[in-house]
Every structure is written in C-alpha cells, then in structure tokens.
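K.L.:
Residues per chain, in single letters:
2 protein chains.
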Amino acid sequence: MSIPIPFSPAPRLLLGPGPSDAHPNVLRAMMTPLLGHLDPQFLQLMNANQEMLRSVFLTKNLLTFPISATGSAGMETCLVNLLEPGDKVTICVKGFFGLRIVDMAQRLGAQVNVLEQTWGKVFDLNLIRESLQRERPKLLAIVQAETSTGAWQPIEELGQLCHEFDTLLMVDAVTALGCVPVRVDDWQIDAIYSCSQKGLGCPPGLAPVSFSPRAVEAMEKRRSKVPNWYLDLSLIRRYLTTDRMYHHTLPITMNYALHEGLRLILEEGLETRWERHQHNHRALKAGLQAMGLTYTAQEGHQLPQLNAVRIPDGVDDAAGRKMLLEEFGIEVGGGLGELKGKAWRIGLMGYNSRPAVVLLALAALEQVLTKLGAKVPPGAGVAAANQVYLA
Amino acid sequence: MSIPIPFSPAPRLLLGPGPSDAHPNVLRAMMTPLLGHLDPQFLQLMNANQEMLRSVFLTKNLLTFPISATGSAGMETCLVNLLEPGDKVTICVKGFFGLRIVDMAQRLGAQVNVLEQTWGKVFDLNLIRESLQRERPKLLAIVQAETSTGAWQPIEELGQLCHEFDTLLMVDAVTALGCVPVRVDDWQIDAIYSCSQKGLGCPPGLAPVSFSPRAVEAMEKRRSKVPNWYLDLSLIRRYLTTDRMYHHTLPITMNYALHEGLRLILEEGLETRWERHQHNHRALKAGLQAMGLTYTAQEGHQLPQLNAVRIPDGVDDAAGRKMLLEEFGIEVGGGLGELKGKAWRIGLMGYNSRPAVVLLALAALEQVLTKLGAKVPPGAGVAAANQVYLA
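Chain order of the listed sequences is A and B.
Positions 165 to 555 (the working numbering) are the ones given, in order, by the first sequence.
Positions 165 to 555 (the working numbering) are the ones given, in order, by the second sequence.
Note that these hints are calculated values from the structure, not bench results.
Mixed in with the good hints there might be a few duds.
The list makes no distinction among identical chains, and a pair is therefore deemed to hold if it is satisfied within one copy or across any two copies.
[Stated by the list, open to error] Below, computed lysine-lysine pairings styled on DSS-like, alpha-carbon distance capped at 27 Å: (1) Lys486 x Lys506; (2) Lys389 x Lys252; (3) Lys385 x Lys252; (4) Lys504 x Lys285.
Take these sequences, add in the hints, and give me the full structure.
P.N.:
Below, the structure written as structure tokens:
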C-alpha cells in the first residue's frame, strides 16, 4: 500500500447528535505527554475526575467514574452489573436508544418487559406506576434525553416511584449530562451513564457512570460473576477507588481531556450552563419555526441541546445534509430508526451552544432549503433568532 | 469542591510495560478538531487505519480494525465472539496475562483446559501438540509477548499445528505488535489483538484486532448471540466494513492518533523497526548484565521491548522505582503476580527504543542501585552499552 500523508481534514462545525466540537482548551490538553496509569500524578488526575464527575452528576456516590469506552459501553456497564439471567427488567422505549437497552438486556438473559410510547412523546408517570405495580421488576430503565427524537423525559419523581416497588432506576443521560439538569441524588437515580462527546465537550471515548448505594448493594448480592470482564465493576472499583488493583490500562489522554472538559463546566457553573443551553435553544427554535420547520418531539418536552425537526416535504434528506457539509462545513444529524430520511437533528451542545453557531446554522439552512425547493421566507430565521437575543 | 487548575504534570520518560511515550507527532495529531463519526473524511481515515493495520499485522484479513477500548477489551473481543457456553478452549499460561484469558473464558461458560509453564519460560510445541491431540479444543490461546515476564513465545508454526486438529489459534500480541515480527497470514493466526500504547506509539484507548476467514466462519456458525453487545463483531463489522450501520460512536481523536502512529511505522518500515528494537535491546542488555542484573525470561526467549530483570538482593522495589521516578522522571514497571516485588520491567517500545533512552536508563539505574546498597561497578553499564553501539 502507499503510505497516507498526515491527516489534515477540512474544518467542520459539528451540529449533529454528537460528537459535538470539543472546546479548544480540551484539544490542547490532549497534547500533554503521557503518564503511566499508576503514576502518582495520574492517580491524582483520576481522583480529580471522579470528584468533578460527582459535582456534575450532583451526587455523593462513591462509585462515580469514567468507563474506558464510549457511551454505549456505559449502558452495557449498568445492565451487565445489575442484571442476572432471569431478572425482571422494565424498559421504557420511545426511540432508538430504548431499543438498544432492550437488545443488551435480552443478551444477558433477563426477562424483559417493554413499555412503549410513540417516538417523539414522553412517558406519563401513571403508566409507569401501573407497570411497576404489575411487574415488580428489579430494574426500570429509561432514557432522559432521547437522542433519536429530541424528546426530554421528566424523571424528577421516577426514582421515588421505583423505590416504592423496590425497583432500581437506571437512567440514560448520554445526551443530557452537561446540557440539562441531571440530579442523581435528589432524583434518587440508582445507575446512570453518559458520554464524553456531547455536553461534556470532549472527544468520544469515555462513558461516565455513577451508582447509588442501593445499586452497589444489588451488585454485591449477585449470585453469578459478571459475564463481561472489561465492564465488571467489582474489578474496576478496586482499581479506581480502593486498592488500585490493576485491571486495564486507562486511556490516559482521554482522561486529560475529561479533566479539562469537567473543569470548564464547573468554572462556568452548572446552572449558568443549563440556562445557556436553554437560551440558545429558544433562539434556534424561534428561527426554525419562522422558517416553517416543526419539531418531532412533543411541545413542552423538547431538548434544548438536540433540536430534531421534520424535513420539509419535497426536500431530499441526503442532498440537504451534503450541501450543509460541503458548502458550509456544517454537520447535522439524519434521522434514526422510524425517523430515517424524515428528520434532521440539530445539536447545540456544550461549546457549540452559542449565538454565533445559532445564527450561522439558521442562515445556512435558509440557503440550503431554498436551493432544494422549500418555500422559506427570506431572512425570517435569523430575524426571529435575533429577536430572542435582543429581548 | 474547589475547581482544580489545568493539568500540567512533571515530565516523564515511560520505560515501563506500557503506556510508552507516544511519538510527538502523534500527540500533535490529537489536537486536530473533531469530525463526525460518519463524516466522509473520517470514514476515509478509518479505511486508511484498517488498511495500515493490515500492513502492520501482515495480513489480508478483511476483519482488521481497532476496537474502541483498551487492549484487554481486544482480548475479550476475541473470546466472546469465538466461544460459546460449553466450547472447549485450551489456554497456555506462563504469566499474568494467560491467567486473564482463563478468567474471561470461564465467565463465558467455556470448558477451559489450562496448559501451564513456569513463569519466564516459553512453551515447547510438542507439549502443545499432545494437548491438542487429547483435547481437540475449538480454540487455543497463547500470549506471544508475555508482559509480566518478558518472555518471547515462538508462534511461527503454531497456526499450522492448531489447524491439524481443527483448532483455531488466538494470539495475544499486546506487547508484540510494532516491536517484534507478527505475521498473521504466514503464521496462520486466526484471531489476534493488540493495543495502541506500546509498539504502535499512541496513547492507550484502542485495541487493534484481526480475524482470519476461518475465525469468521466460526463466528457465523454460532448458535447464540454474542452476549456482549459492545464487542459483538457481527455488529461492528457492519459498521466498519460494509453498510456503515450505526453501532457506537467511534473515539475520533484516538483514531487520529492511530493514523499517525501507523503512518510512522510504515514510513520507518517494519523490518527496520524490528531491527531497531533488537539493537537497542542488545545495548540495554549488555549494560544491565554488566551491572550484575539477570533477566527473568529464559535465555534465547527475551523480548527486546520488555526487559524484565530480577531486583538485586537487598534492594527495595518500591524505593528504587520511586527514586527513578522522582529524581529522573523515569518510570519502570514493578513485578506482576508471582514476580511482585521481585522484578523490574524496563520497556523500550516504539518511540522510546533509541540509544539516548538506553544510555540514560543505565546511568540512572547505576545511581539508584548504588544509593540503595547494591554493588554496581561504576560506569560498567553505560560502557557495555556503548560497546554495542560502537561495534
């Protein structure tokens, strides 16, 4: 083979469902020379990362750390440590990632009960209560921010409800953490996972997780070894929180990135960050609606960081995304599952949730939609967004 | 909590069992802004990484790519895709990492047969032949470069031997790839895994794997789904080699690093690189022996990239490693398992296999050993190494 030249891609603005652009300081942190994974300096960094993750998850949970793989491995970590063959689990499915939880749980030999909701809508707590009463599962799993539809599931009272029935609550916060409130202790969440490449403003490669004392107790009562060695928390917790017993070699550079990403979040402040995401979302939404676009998620439950909108009739999905990418360097996401070919997903996550990004996105969308034959009132998108910013 | 300041560690020279220092060009490549994981530019990079991995593994295997986790996840990928409950597997154990394979295989419900060899020694092929004849396992697993002892297992003829008995050959090349010859096709290896942070000169976080058509056939004949979703090759191969069906979000930046690391290897040339590792090893070994140190691995089977030596009587393990780290910024590895407290493991891997590193390591070791009460002939280590270089 001929040896490729060094990689030097054309620049992009990542407004899809993730990865989102990493903060420039995070990228710079990744140039830091390596340390050994047992170097005292690196152990200190890992302790700081755990401490900062607790602050971002709003929890005191001892078992709070990044799993050394991407977000979906965080999902699998929760399931494989909490479920044994025959265990009952109720999974709330309202989009693509709920289905993924079902797939994983079935592979573990769990008795899976699926609660279904129309894609784009959220679950009513009464429906979940009835199901818990009937099924009394060991675990209930739900996605807080459904990446495939942009729907924002309220989960504030779900932990308390689950505990009435002695059920553990597992929450998917992959697209939520760092963008919208996630209060692990207040909301009594027992197992939660996220990723590094969305609200935390880092590259993909790590999956922060956290487990309540209730969840830890359930793990300690297991009758069988965790079938998955790499994600076995009984090994990982010894490595990361107690006697440093060697498990795997931590991804050093990814943890440098996480350190800087978490630092930036805490410097900004969680409340300020959530409000920033809301503010830029309101501007983007005003602009999209002024251009005639409608959201796939139900009103009142739309995620600020992931704006999924229906593609206007007659506009070609692939052609539109290609034009955005090639002419403006802007990536937006296509639809997943039921929404394939029918929706675009516009992310405003972490570093990318800012006015300059909102205005550029609307201006570029206007040009692309017009070229592809949609009737878009000229200038309306940007004008509506500016109205929000000027208010 | 108080927010930590940006991380800025004291510099290190990583001469342990890995991570080894990444090449400076690799670190620079990690500052490249992110791309979406389905961006045409990123797909091109992933294709190049697969192509370059094939060149480095010396294989035509279609299923050759990096798993999105560290080396041990590469080990688990091979096992979880090739073994089903009840399958017979023979595992050759001559150190810590052989034991890890046993642990993983047992979790999968395989019938595990262990072949044991003294730590530091290698297996004789006749012993393996007898076992294969008796057991007729589906899979035989062996570590080529045992990281815990520094022993170099010959595997050139093992593939052919395994195939006589219809057994698949799985090889652990975590510490081998990029340092010593690994010829997947010539040696008829069916499943092989490595890591990014040793011979490939990148940070930890990826596990390159490769599977022969025989191994693929065995996967396609499975009676059950792979229990581990994240490492299920039937999903990953669709994502990476055929229809780009979304599986997980690839670690973008780690793959930038791998691209640059592999490029540098191919620019240097595999044969030149292997010879470089040998040359610097000969110099280091001459120096260590002149200082009275002895290898833990048997003569004739010592890895050039991992020099495990017995700590001289009376010298304290922890004190010695601490002094090297604090006074010279040099990290060497302690002993694992049976060799805990008894050996130091000195890595000369990838970028760090060079004369400047050898001379500094010997000079610093002389000072540390002398301070800790060992009788070391002054200047003998460096003189012996220089003799090799000047020859």
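K.L.:
A separate judgement is required for each hint: does it hold in the structure or not?
P.N.:
A quick look at each hint next to the structure:
For the homomeric pair Lys486 and Lys506, the shortest alpha-carbon distance inside one copy (15 Å) is at most 27 Å, but the shortest distance between copies (60 Å) is not. For the identical chains of this complex, Lys389 and Lys252 are neighbours both inside a copy (18 Å) and across copies (20 Å), given an alpha-carbon limit of 27 Å. In this assembly of identical chains, Lys385 and Lys252 lie within 27 Å of each other by CA distance solely inside one copy; the values are 15 Å within and 30 Å between copies. With identical chains, the CA atoms of Lys504 and Lys285 are at most 27 Å apart within one copy only, with a shortest distance of 17 Å there and 57 Å across copies.
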